[in-house]
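**Q** Here is how the chains run, residue by residue.
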Amino acid sequence: MENKLLELKDVRVKYHTLDYDVMAVNGVSLELNKGESLGLVGETGAGKTTLALSILGLLPKGVGEVYEGEIIFKGEDLLQVPEKRMRDIRGMHISMIFQDPMTSLNPVYTVGDQIAEVLQLHGNKHPDERVDEILGLVGIDPSRKVCYPHQFSGGMKQRIVIAMALACEPDLLLADEPTTALDVTIQAQVLAMIDDIQKKLGTSMILITHDLGVVAETCDKVAIMYAGEIVEYGTLHQVFDKTRPHHPYTVGLFGSIPDLSSDKRRLEPIYGMTPDPSDLPEGCYFSPRCNHCTELCKQKGAAIHVSEDGHMLKCHLFTQENKEAAE
Amino acid sequence: MWRYILKRLLWLIPIILGVTLLVFALMSLKPGDPGRVYLGLNATQEAVDAYNESLGLNDPFFVRYFNYVKGLIKLDFGKSWVGGESVNDRIMSALPQTLKVCVYALVVAFITGLPIGILSAVKQYSLADRVLTIIAMILACIPVFWLCNMAAMLFTLKLHWLPATGLDTWKAYIMPVIGTAANTIGLTVRMSRSSMLDEMRKDYIRTARAKGAKEGSVIFKHALRNSLISVTTTLGVNFSILMGGTVFVENVYAIQGLGTCIVRSISNNDVPMLSGCVIILATFSVIVNLLVDLLYAYLDPRLRAKYVGKKKVAKARKEALNDAN
Amino acid sequence: MKKFLALILALVMALSLVACGEKAPADDGAADDGVKDTIRFQIKNEPTSVDLQNDGTVLGGFICDQIYGKLVTFNDKSEVVGELAESWEWNDDFTQITFKIRENAKFSDGSDITADDFIYTFSTDSAKANTYMAPIASMEAPDAKTLVLNLKSSNSSMLKFLTTYHTGVVPAGSMEATDIARGATAYSGPYALAKWELGQDMVLEANPYWYNAENVAIKTVDYEFIADENSALVALESGEIDFMYMASTIGITSVETIATNDKLATIAADQATAGMLCLNFAMPELDDVNVRQAMNLALDRAAIAKVSTTGVPGGNVFTAEYFGDDYIPGHDAPAVDLEKAKEFMAASGYPNGFDVELKTPVMFSKAAAIVQSNLAELGINVTITEIDASIWVDSMIKGDYQMGFMTFGNLINDLTGFINLYDPAAALHFNFDSDSTSFDLMSAAFSVSGADRTAALTEFADFCEADLPYLGLFMENAIYGYNADLYVPTPSGCGYDIAGMYWK
Amino acid sequence: MQTKAKTKKQKNHGAAYDIWRSLRSNKVAVVSMVIIGIFVLISILADVLFDYETQVIAQDIMNDLQSPSKEHWFGTDSLGRDYFARMLYATRITLIISFSSVFIATALSIVIGGISAYFGGIVDTIIMRILDVFLAVPSTLLIICIVVALGNETVYIILALVVYLLPSLVRTVRSELMINMENEYVEAARSVGAGPFRIMLIHLLPNSFGAIMVRCTMSFALCILSTACIGYLGIGVRAPAPEWGRMLSEAQEYMRLHPYLITIPGFFIMIASTAFNLLGDALQDAMDPRLRGYRKMKKKVFARRKK
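Residue numbers (this note's numbering), protein chains in the order written: chain V, 2 to 328; chain L, 1156 to 1480; chain U, 300 to 803; chain S, 3 to 309.
Since the hints were made in silico from the structure, they are not lab data. Hints are not guaranteed to be accurate.
[To be verified] DSBU-like, lysine-lysine: derived pairs with alpha carbons at most 35 Å apart:
#1 Lys803/U / Lys1313/L
#2 Lys1234/L / Lys697/U
#3 Lys1376/L / Lys146/V
#4 Lys200/V / Lys1357/L
#5 Lys562/U / Lys335/U
#6 Lys697/U / Lys639/U
#7 Lys10/V / Lys1357/L
[What the hints assert, rightly or not] Just a few of them, taken from the derived set where beta-carbon distance is under 8 Å, the chain L residues facing chain V:
#8 Lys1357
#9 Asp1358
#10 Tyr1359
#11 Arg1361
#12 Thr1362
#13 Arg1364
#14 Lys1366
#15 Gly1367
#16 Ala1368
#17 Lys1369
#18 His1377
#19 Arg1380
#20 Asn1381
#21 Pro1456
For every residue, glycine included, the Cβ atom is placed at its ideal position computed from N, Cα and C.
All chains, full assembly: derive it from the sequences and hints.
**A** Encoded structure:
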């Protein structure tokens, strides 16, 4: 129990707009142990970033709201925590990396100052040698800490953002598509660096991405999100194992990746679009796009089916009554 | 950095020359007979022509302009058509008053406009924001001369709080400075509000919050520092708007500044005085614009780095390299 | 962030230090020790110079009046009395005057005022060019305190010329010592120029060596320059200034506003300027003398005066100011007499009237409306065209009008200017009578003097009475507002001497 | 389960409809548009409601300086003329002057801005430096110089206002065109052999139309203020035509006894220029898709297809 770092219980988030509400996250339950890294995969608009922001309490004020569920971090429910305590957690215990490095750094302060700021915020009065150390860790020449963000390339900037996030050696790192904005070669370097720092500092990580390849390389567990829900969750080995039964959406996802090994000529993409979160369909959200869709799927939301080794699926195909119906 | 400043200074000279050419060309179109004005209506025509000849009015345009510029370089603005008084003395004595009012107005506008802009940006869509934006808009559009008259009526006649004219005591500064600054306060509020809103939406604000920074420091340390850059650009433009406004404020509050000179020279059709005042004010507005540009370059590291020159960065890297090995 | 704020403050301090120079803001006038002996005097613009011999502007003259003493001056009954001169006497044919200078007459630096100072002052080249000293042929100083002036020709009004500030006196040699436009080395008038920097306030201090310095109550005069009449009125009402002088007079609405305020009062003095209706003789209808006589009798001058000036109805332009002793009693404005006017119209070439255009600046619009209704009685229908003030004077001078308003206050302020009114060749000519009869009569009158001149001027006045080259409307007066608990003596011929004022 | 979203069919309109929709939803913009509408209506009807000769200029000394009453809504001025009629007529004159100078200035600025943006290089620097000279002279002084030099016929006033507005308009056009020129579709057009003018007219201008419109509305406000300024100094629209600035300066004398004479023109000037500025601001918000601002947060992100 003690190595359980983070637990999400049926977290639901919605955005208030003046004439309707947007249901971004619809009941997510997760667990994450120390040192583990979880890959959160899904299409754009599946609510991945919203989930990360809600963990850190950074949802836009008065607009985003976690209206149900609990986020337990080291036994403490972050939703009840006062803002002051939350501020101590941010950057110290949980830190986050954002997608576009080009705009994530403040253009008017030197890189060194921006990293030092995190350390000073969390009690480190003379952060200089720690800044040099962390810069070295991310592979940047410490003497360049006096330069300004515009004097660095995209990849270098992402390294600085990572340095900033890991400066206080947080327990949990939320990485929101850290490599999407970078080109492939830099992507590999950054991922490798994140991986070995994670191992060195023992930080557990939630890596948000829509690229299954990236997840395969770095994560221990995988959760696949669709329309605000986790439709499949398991270890890397379970989810990537072709022989196992998978959620139709997961099958579709894997179908959309060109697989050099197989001789299939055509990809099998998933037709249709992600449903409009302010106008979610009845029953299972994937039903309009699912080719195994049954009448049951249309009326009732799917139940969660957990196999013995903890491989969770959320689809009627695998629930009991459907199984009998299928035979 | 110095190369950049030098370049800008060099660019100053053609612009000021351009201003003198523009004003001189305009004024030479003016049908005016300085001889008649100076010698009075009953002087004989020969005396008038002789006087005009002495002023060199009959030379071709470019000769006159050349002499005028030669004079300008020696800071001699020529003789006024009314009373033959030297324009120089009048300008030199009037300049301090106008500058005092303009500088204080700029500071007041900046000090009141910026916080209000920030407040209404931070508390967007709240009642305060709506009210402040509307007031700022009205302040930006209020005609200066109307505001000054109304203020004079209210504060001097009805309430006897403030003196009506001149700049003798500090109290006398209040109405002229606020009158001049009114439009600029409105503009500064709008400008700082929109630039703050832009900055608050940028990603690095989210990064700062993710670092656990307090909301206050996020706004003032991060967002404000960046939005200050775009607000300072309007400083220069505002200064020339202020100087435009002094013509009215000085007239109502009887301040012996360049504005009063201009109004007097308009009614007397005194061309040398008018062009002298306008050229001096234009020169100051150009100089202040340059100062603001330098301030802008200083504030924005992206610009500063470009002008610090590649050498410095290269040198830093070279040193780091030979330390390393 | 702190670095940046410091920079902004430095910039501001630098600019404002440059701006306000090293001088601390001017103190608030002399500290009055209980007894109030300072007066804050408002005038429209800062004078361009205090050069007594060249200064053409009205305001410069007003200040020269206070700081330069003259041989003779007017008292409040407009009689000529001695100022720096104790007494004077003409020779029999008015070609020589001998002045006896007061024993105690001293300059403000304590040095004695002697005849040599006068001779020096009157013989500078700008003095020779000045019309008021033109009649002087030569000067002698039999002893320190007697001055003899020999005139080119017999000129009885020379004494009047010597009352103007142009004939003030400055210490010998002082013209070369300082730039007289900025002030002399010492002053001979009741006041001395204590402080004057261009653009700052101008302060006069009482001259302790003035011959009757003991009964000069006001010790310091602090001049305030306020161009806008409304601001000046605001300053007067809020007690920031004690005397509102403007340039030549204050406007009608200011007088009305002051009337409603019991803490303020106004005082009026006859002014040498007349308001008149000019007729362009190029227009045949106006060239007909009967028409002019008819119009002359139809104009309701009382109403016109009431709406256009603080002055009085009246019409002829022959005032004491120009003609000195030989002033002929003016031909007062005729009363309205419609029947006689209609008779004249019937006798004229245009019995059933005609159309005419009357050009007027906005300040005479009301008067124009009254003229329009008066002349409508005679069948003359007047269309009023309002013209912009900036082009009004030019269009009058160029004769670009059929009927138009004119006041002479801002056009001429000395004798030659007045004579030129009638000279067809002069630049300032108002198309007065198509031939130059009035000019010939006028110039003849001025070539003689004494009794012959009076006769010639009477003949000229009768000619104008009959021929009506223009229709006089009103006599302007100079009216000023001031703090009610300030005693202001009735103004003498040459305006206000502050020396006579005191706080009640 | 959750509220049914809108059912209106989403017609796909050009940008103009989208801007209009966002303007309509912005209360402030609606108010300012109404005010401007009233002013335009006034200036059109001024000729119909009042006959210029008899009611606007004709003087009626007997009942001058009447305070506002039933038959004279705004009372009468110092020469007995109906102040309401003069105010409406002054609106007409100010709007005509402002409209023509803004129109000419915008047309000129599109030409000059276009040339300077499209050809760049020396041409651009020369134009920019000339504009710097005009910008160096403080705004009101530039107008004063021109009007004093040339005289205050309406033509010269319009010329002065055009010269005053030109620099800022040209800079807006130039920067907008330059931003748009970097987009690929300009390269595409050029590669297909389109000439500079064709590119300018068809590709660049429609895209920078938004920013130019914003600058236009703001210039309108500046025009109104400047016309009033030179009117106040007495060198504006020539008498006897009524004009706000001159009416205000003439009313200064009667400030104490007849305050309505000075408050009404001041109020009109302020309302007119505020309305135009507010509209300009709202236009700016409407133009900028990023700014969610007043546009009720309509999320553009989620495609809305009727199933």
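**Q** Now tell me if each hint is right for this structure.
**A** Tested hints:
| no. | hint | result |
| --- | --- | --- |
| 1 | Lys803/U / Lys1313/L | 27 Å, holds |
| 2 | Lys1234/L / Lys697/U | 27 Å, holds |
| 3 | Lys1376/L / Lys146/V | 19 Å, holds |
| 4 | Lys200/V / Lys1357/L | 32 Å, holds |
| 5 | Lys562/U / Lys335/U | 17 Å, holds |
| 6 | Lys697/U / Lys639/U | 33 Å, holds |
| 7 | Lys10/V / Lys1357/L | 32 Å, holds |
| 8 | Lys1357 | 6 Å, holds |
| 9 | Asp1358 | 4 Å, holds |
| 10 | Tyr1359 | 4 Å, holds |
| 11 | Arg1361 | 7 Å, holds |
| 12 | Thr1362 | 5 Å, holds |
| 13 | Arg1364 | 6 Å, holds |
| 14 | Lys1366 | 4 Å, holds |
| 15 | Gly1367 | 4 Å, holds |
| 16 | Ala1368 | 6 Å, holds |
| 17 | Lys1369 | 7 Å, holds |
| 18 | His1377 | 5 Å, holds |
| 19 | Arg1380 | 5 Å, holds |
| 20 | Asn1381 | 6 Å, holds |
| 21 | Pro1456 | 4 Å, holds |
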